[in-house]
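Chemist: Take a look at the letters that make up each chain.
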Amino acid sequence: MAGITIDGVSKVFGKTPALKDISLDVRDGEFMVLLGPSGCGKTTLLRCVAGLEQVNGGRIRIGDRDVTDLAPRDRNIAMVFQSYAVFPHMTVGSNIGFGLRMKRRPKPEIERRVREGAELLGLVPFLDRYPAQLSGGQRQRVAVARALVMDAPVLLMDEPLSNLDALLRLQARADLKRLHKEVKRTTIYVTHDQVEAMSMGDRIAVMREGSIEQLGAPMEIYDNPATQFVGGFIGSPPMNFLRGAVRDSSFAGDGFAVPMSRSRADLQGREMVLGVRAEHITIAGDGIPARVMVIEPLGSHALVTVLIGKTPVKVQAPIDVAVQPDQAINLRFDEATLRWMDAGTGSAIPR
Amino acid sequence: MRTRTEQFLPFALLLPSIGFLSLLIVIPMVQALLLAVMAEGGGFTLENFQRMVADVNFSDAWRNTLLLLILIVPLQIVLALAMALLINSRFRGHGLFLYIYAIPLAISDLAAGILWLAVFTERGYLNSTLQSAGVIDQPILFLSFDNLAGILTAIVIAEAWRATAIVLVILIAGLQLIPRDYFEAADLFGANRLRRTVHVVLPLLRPSLQSALIIRTIFAFQTFAVVFALAGRNMPVLAGEAYTWYATNRNEHVAAAYAVLLLGLTIVATVVYLRVLGLREAEVQR
Chain A
427 MAGITIDGVS
437 KVFGKTPALK
447 DISLDVRDGE
457 FMVLLGPSGC
467 GKTTLLRCVA
477 GLEQVNGGRI
487 RIGDRDVTDL
497 APRDRNIAMV
507 FQSYAVFPHM
517 TVGSNIGFGL
527 RMKRRPKPEI
537 ERRVREGAEL
547 LGLVPFLDRY
557 PAQLSGGQRQ
567 RVAVARALVM
577 DAPVLLMDEP
587 LSNLDALLRL
597 QARADLKRLH
607 KEVKRTTIYV
617 THDQVEAMSM
627 GDRIAVMREG
637 SIEQLGAPME
647 IYDNPATQFV
657 GGFIGSPPMN
667 FLRGAVRDSS
677 FAGDGFAVPM
687 SRSRADLQGR
697 EMVLGVRAEH
707 ITIAGDGIPA
717 RVMVIEPLGS
727 HALVTVLIGK
737 TPVKVQAPID
747 VAVQPDQAIN
757 LRFDEATLRW
767 MDAGTGSAIP
777 R
Chain B
5 MRTRTEQFLP
15 FALLLPSIGF
25 LSLLIVIPMV
35 QALLLAVMAE
45 GGGFTLENFQ
55 RMVADVNFSD
65 AWRNTLLLLI
75 LIVPLQIVLA
85 LAMALLINSR
95 FRGHGLFLYI
105 YAIPLAISDL
115 AAGILWLAVF
125 TERGYLNSTL
135 QSAGVIDQPI
145 LFLSFDNLAG
155 ILTAIVIAEA
165 WRATAIVLVI
175 LIAGLQLIPR
185 DYFEAADLFG
195 ANRLRRTVHV
205 VLPLLRPSLQ
215 SALIIRTIFA
225 FQTFAVVFAL
235 AGRNMPVLAG
245 EAYTWYATNR
255 NEHVAAAYAV
265 LLLGLTIVAT
275 VVYLRVLGLR
285 EAEVQR
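Residue numbers (the numbering used here), protein chains in the order written: chain A, 427 to 777; chain B, 5 to 290.
I should point out that these hints are in silico values taken from the structure, not numbers from a laboratory.
For glycine and all other residues, C-beta sits at the position ideal for the given N, C-alpha and C.
Chain B regions said to be covered by chain A (calculated; three or more residues, Cβ under 8 Å):
| # | segment |
| --- | --- |
| 1 | 173–187 |
| 2 | 199–212 |
A few chain A residues facing chain B, derived, Cβ under 8 Å:
| # | residue |
| --- | --- |
| 3 | A476 |
| 4 | M505 |
| 5 | A511 |
| 6 | M528 |
All chains, full assembly: derive it from the sequences and hints.
Modeler: Laid out in structure tokens, this is it:
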């Protein structure tokens, strides 16, 4: 077992910087999610750890071994590829045992571990089939089994669920989480899906333009986004943002004013962005005036999109909410949950 | 409901190709078949095949053709594979290698034969180089009629030089069709370069190897111009005999019989390759 230390890693493609001086410690046995929009460098970082890309600067250590200059096969890692990369000319059994065969393990051991891996992922009935005869979900499980039987202390996963349909993804997500609890490998998991990140990660590193924007436990990132970008990326729906400035004892912008209980002399006149999540807004008899645009009933609750001034805001309301499109309503914000960011830099302002 | 035009459109679009193929391939092929089984004065006969088999040069031509096939095709596949893997490893300047390797493709086979004759002949480049370097005193007769090994070697070298690039182009195209993920997965799961090639790349390259083998074998059966340029009549081959019977002996019927024999051999070889190297039904991605 081993943790992963990424120390000041940078990577350049041509003249485009893909990773800018990234440092990240993944603890032994931890499930670390790299989350970000496409092009943020999350897959590049994973490939650098795998050794499939050479870093231009910085070091990568696995356990206490510096692997920066080692070939992928010498790093003692296993990986699940986004495309699965399950070999089409080998049966499921040969695919699962591929890594063990390459490491020249004794035949009985390979057979036993292929069997174990197949059992763990429910692939026993398919051991003699070829990948082309399997469904997408089964192929994905072959890729996971092939990685797990390696007994490598580090498991890397590059968007392993992105090619599955929505229902299957839900199932596979839970399966992967259960597997991680069982095998406890140090895992780096790359995804652009914030729901996957929230539900699976011990910690999440939110990446943007080659840098880590915020690193923390899922709920920490959800509750206290370090920047406007993180707040807008995490959560479904994303955090609502209202622009304004502090005047006396309230924060006022286009068509609204929120009282600020503590007088913050240091914030007087400062241009800021107020961040508030949909579930922290209630429709009330008085408060901030808004106009209803759309009501989306989602079964467990309704998502109401309203306009405050000219800014659209998402409100999570009870499913039986009695509002109509175009109706004028009033909103109340749960004050303890409000987050403030600088309007220029987008960085959170300490409360 | 599909309209009448839509139903006929595919056939209409195929028509030019069908016409072209018929004119240039199907009609001459039927004519050759008919020539081979027709007697001089008309009527069907097997006499042409009997004359072909009874001819003094037949068994030599048969042996030489197979010998060249066995020597040239594996050599070309191995060379082309090595070159293709080298280029596919994307080292610095790999593009240049592809251009250099492809140069012989632009040269006609007879020209290539004459070029290599200039190398191997009694006063050719090879002998004069060896002589001026003091390695030999007298020119070596590489292509003498009693030096079968010398002739064979010269032909194999010339053919390998001339036609390996065709195989190379097919294999490079095939290699580029293999998703890079497979190479990376092999690397990651502990395969070194050799084992990656053996366990992952070659099996995935089977369709291209199959095409390359079929094309090269067909051309190897038809080897003629290079042999003719280097060995003249000293080394009869099947395709050469067809030419000789047609041009020298003025017997188009026996010439056609040779052509039919070559066609038969080609079909057999192709079927064998398809059977041995073909993908199993279960492996085909849908």
